[in-house]
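Engineer: 13 is the number that the working numbering gives to position 13 of the sequence shown; each next residue is one higher, with no gaps.
Any given hint could turn out to be false.
Cβ pair distances, simulated, as ranges [said to hold, decoys possible]:
no., residue 1, residue 2, range
1, R39, W8, 33 to 43 Å
2, K29, G4, 26 to 36 Å
3, T31, F5, 16 to 26 Å
4, G4, N24, 27 to 37 Å
5, G35, D6, 17 to 27 Å
6, Y3, V26, 32 to 42 Å
7, K38, Y11, 16 to 26 Å
8, V32, E2, 33 to 43 Å
9, V42, R21, 35 to 45 Å
10, D6, L37, 34 to 44 Å
11, G4, V26, 12 to 22 Å
12, Y11, T31, 13 to 23 Å
13, G4, D27, 17 to 27 Å
No wet-lab data here; the hints were simulated from the structure.
Beta carbons: idealized from backbone N, C-alpha and C, even for Gly.
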Amino acid sequence: AEYGFDRWDAYMMLSQCGIVRLGNFVDPKYTVGTGILKRYLV
């Protein structure tokens, strides 16, 4: 809650503006990294 979003607001922002990186595809394990550009947090 560093930026003042509640859970649902953060979910909506990440689903619309988020960046997803997939890596380490080892069946059935995988790694997913997510992020958001800081310009959307100002």
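Engineer: Decide, hint by hint, whether the structure agrees.
Structural biologist: Do the hints match the structure? See the list:
no.	hint	result
1	R39 with W8: 33 to 43 Å	22 Å, violated
2	K29 with G4: 26 to 36 Å	34 Å, holds
3	T31 with F5: 16 to 26 Å	24 Å, holds
4	G4 with N24: 27 to 37 Å	33 Å, holds
5	G35 with D6: 17 to 27 Å	20 Å, holds
6	Y3 with V26: 32 to 42 Å	34 Å, holds
7	K38 with Y11: 16 to 26 Å	19 Å, holds
8	V32 with E2: 33 to 43 Å	21 Å, violated
9	V42 with R21: 35 to 45 Å	23 Å, violated
10	D6 with L37: 34 to 44 Å	20 Å, violated
11	G4 with V26: 12 to 22 Å	38 Å, violated
12	Y11 with T31: 13 to 23 Å	21 Å, holds
13	G4 with D27: 17 to 27 Å	40 Å, violated
Hint compliance for this structure: hints 1, 8, 9, 10, 11, 13 are not met, and every other hint is.
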